[in-house]
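The whole structure should be built from the sequences, with the hints applied where relevant.
Under our numbering, read the sequence shown as residues 41 to 331, first letter to last.
Calculated from the structure, these hints are not laboratory results.
If a hint is listed, it holds; no wrong ones were tucked in.
Calculated pairs, DSBU-like style, for lysine-lysine (alpha carbon to alpha carbon, straight line, at most 30 Å):
id, residue 1, residue 2
1, Lys128, Lys58
2, Lys228, Lys128
3, Lys58, Lys228
4, Lys312, Lys173
5, Lys58, Lys82
6, Lys300, Lys235
7, Lys43, Lys128
8, Lys128, Lys235
9, Lys296, Lys307
10, Lys58, Lys173
11, Lys173, Lys128
12, Lys152, Lys82
13, Lys128, Lys175
14, Lys307, Lys228
15, Lys312, Lys58
16, Lys312, Lys296
17, Lys175, Lys58
18, Lys228, Lys173
19, Lys235, Lys175
20, Lys228, Lys312
21, Lys228, Lys300
22, Lys58, Lys43
23, Lys235, Lys312
24, Lys312, Lys300
25, Lys58, Lys307
26, Lys228, Lys296
27, Lys175, Lys228
28, Lys173, Lys307
29, Lys235, Lys307
30, Lys307, Lys175
31, Lys152, Lys58
32, Lys235, Lys173
33, Lys235, Lys58
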Amino acid sequence: MSKREIRGRLLAMVQLTKPIITLSVALTALTGFLLSQGFFAKGWLGAILGVYLLSAGSATLNHIQEATPDSLMERTRQRPIPSGRVSKSIAIVFSAILIAIGILLLARLDSKTPLLLGILTLLWYNLIYTWLKQKTAFAVVPGSLVGALPPIIGWTAAGGSILHPHIILVAFFFFIGQIPHFWLILLKYGNDYEKAGFPTITRLFTSRQIANLTLIWVAATAMAAILPALFGVIHSQILSLSVFALALALIYSFRKWHGKSDHPDPKPAFLKINLFYLAMMLVFMLDALLR
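See below:
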């Protein structure tokens, strides 16, 4: 095997883990950890690495589960398994190794709550959400629980209570923010999803109606972002004011996007919601480190 082929194989293996999404999951777990302790306390690296590897294994397993519909969609047919760059058998072994190491790292923590929440996240994504996607166009709503659990894993890994109001508010923000994110994907690739046999909101609503609903969910995301600033999760007054400014800017920019045409381009909106998500993570982490 040539060096080029080896690089291609390694790249395909990395792509199986959905690295950008997996990194985002690990960062939300780190956010929860820092909010709980306020600094990089003992066990932070093992906890975050455990979340990263468990998420990577879950993503790889999802590639295996959806290999057939992926082969039918223009957006996904070049993924490693449909394109033939990685066999299902290799992907299964790779997924099992990642999940096993992730579970072992979480099991080494003082509290077993992060381990249980990690396993719950894996099962919710790969069993419940993946199954619901084939049954209902609104699977993203219960599926968004997957985005809410990683910060709680980080929080509990640092010794925080799973029922503490602060982490519940943070998790609520990450839960709500998943919904407009995914609906913007459907606004752009809805026809592709239909070809693969998935029930989609593009069959139920026009592009204008989807844009209307997305605007409502974006407003809800902005409001969910403000709650931690109002109820003491964020201690810095400057950072709290920054959250209010970011939330208002998000609503304003989406209102402009929404009013442009009957078929608004989802690409700039998708970028804005992701940047807002990233900005909120940075605010949470910076506030925790500045205490």
